[in-house]
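K.L.:
What follows is each chain in one-letter form.
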Amino acid sequence: MDTSEVEFLAEREHVKIIPNFTQDKIFLISGDIGPFSAGLPVSIPLWLAVNLKQRQKCRFLPPDWMDIEILKAKKQEEADSRFFTEMSSPFYMEITQLLLQWGTDDIPKADEIRTLVKDIWDLRIAKLRSSIDVFVKSEASHAKLNYLTLMEINTVRLFLTKALNHMHQLRLMTSGRSQTQQSQNF
Amino acid sequence: MLAEKALDLIRELHRTSSGTLSPYNEDKIRQVLEEMKTLFEQNKDKAHSVAEGQTDQLSSIQLRHAGIQRNKRCLLAYLYNRLEQIRKMRWEFGSVLPPDVKYNMCEQEVQWFNQYNRLLANYMRSIGESGGLDLTQDMKPPKTLYVLVRCLLDHGEFETQDGNIILLKKNSQHYLLRSECEHLIRQGVLEHVVQ
Amino acid sequence: MAAFSTAGESVNSYFNIDDILASQEKIPCSFNVDVAAMGYLDQSTTNVDISVGTKLELPFWLARYLYRGTRSIVSLETPKSYREGYRHILKADPNVVDLHRLGPFFYLFGGKLISFQLPDADDIASILLKTFQGRFRRIMDGSQNALHTDLTGQVSMLDEQERQLFAAGQQGLHDFQKWENRESEKLSTSVMIANHRKRKRIGVSTQPS
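Residue numbers (UniProt numbering), protein chains in the order written: chain A, 1 to 186; chain B, 1 to 195; chain C, 1 to 209.
Be careful, since some hints might not be right.
As the list claims (entries may be wrong) - Here are some, though not all, of the chain B residues that point toward chain C, as calculated from beta-carbon distances under 7 Å:
hint : residue
1    : Ser18
2    : Gln57
3    : Gln62
4    : Glu92
5    : Lys143
6    : Ile185
7    : Arg186
8    : His192
Quick caveat, the hints were computed from the structure, so don't treat them as lab data. Cβ coordinates follow ideal geometry from the N, Cα and C atoms, glycine included.
Bound-form chain A, shown alone (with noise of 0.2 Å):
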């Protein structure tokens, strides 16, 4: 999966926005938007906040978790914690990325907020990795690791799944070797 299609998907999460124009409720397959209002918040696909922030027609107002002191306090409970912990959105890599590449001037504290975002990130890729390694070494054969988010695994994804087919044909050796014959036979 390419990380622009990871993007798309993300895209069509709501957050809200404070349009500067009227206009009726808009209809589309994926449903209806609107109705508009002038100053009055509304909460949208990120898609389309994205688009009529670059033509300057809203203000974007960012989700309740973008906010230094919830943030430090996740950061602080993800070093915490053995396990995954929750996040309050499973898009919040992709939403911070876009909404601090179009609305920095509307999003309080942008730079701080970047930074600790990406350091939750990195906490929990840290915390992958050491999963990752800790399943590998321990030869089980299934593992369940909750609350990671769709941008977390496509950052392993290929890594990880050629790095498992490898110690499925090594396991495979040790365990039924009959069953490893078959290739063998060219």
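Assemble chains B and C onto chain A, guided by the hints.
P.N.:
Positioned in the frame of chain A, the structure of chains B and C alone reads:
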């Protein structure tokens, strides 16, 4: 060593990098086929004497048979992996391959490419509404309908869907429908300018 | 373009290039019978036949044809890289071993050896698994961490399959970093075409001159 030439073909594949196709090694293939033929003739010969009770020939027959099988595997793998590479090239370069790539293909490979081309074109024409669907387009989710592009080389005139003719001159910039220019970007004629 | 992966990419495939190369790795064999007219395989003599007791290093694909349980044409020995001595070193610290030098297809060829049911097959199987498990963390961290440091040292010590794994890790990292720098939305020239151009520019022609 037995089947050494056939291995050379495999090593040749191993060295080939993406974006290229090494010249079809007709000479080596002929040599491998000759070795196979020799081994086969020898075995046919000896098989008669075994049938007449001379079992001391069995081991050498097995050995030569292994050589034939090995040569066969290498030859088929050589042809198969080249076809795979050619197929990938259809998706990257488009329906017309660069002359130096084409030059390195054997006649059957050219035929295979043409047939694959036709199959793909027919299939793409048959799906989607009104006039088919180009599967080689929108490899990433499109962000915008129009994109800003800069010409990387002189490409000559280009007719847009609405009938305008623009001149794609090196370093000139244009605002074009994404669907119209995606192929030219992939082929390195245009560069996508992201604001 | 994982969507277009083919059977040729699985190491179990008849057409797989790595598997063909791995099956060319040599095994020490000694002949239990005379083999008529095949003396040319032994480059140390000019004899027409191979005689009983001749020791030769034969590639796996040939050895497996000649080694069939009882009444085999040849007897086999475990190749050096998989014997007790190396197994001991690998057990002590798998990370210091240059697996590429030990056999560029250390795991793949090792797996083939095991199919011979040699007396130490179980030990070989377990050392293959343990070696990979022991080296895994460094391969993962190396491929995920250092974008700007020189990795050639580490990579040169990896076996072919480990190298592919390393490359997969790097690709994941590159993709993410490109996305993070907002470069992933940019349409770009196909990698294959770019390679083709580059080769043409530096004058590396694939055509015979």
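K.L.:
Evaluate each hint against the coordinates.
P.N.:
Do the hints match the structure? See the list:
no.	hint	in the structure
1	Ser18	5 Å, holds
2	Gln57	6 Å, holds
3	Gln62	6 Å, holds
4	Glu92	4 Å, holds
5	Lys143	5 Å, holds
6	Ile185	5 Å, holds
7	Arg186	5 Å, holds
8	His192	4 Å, holds
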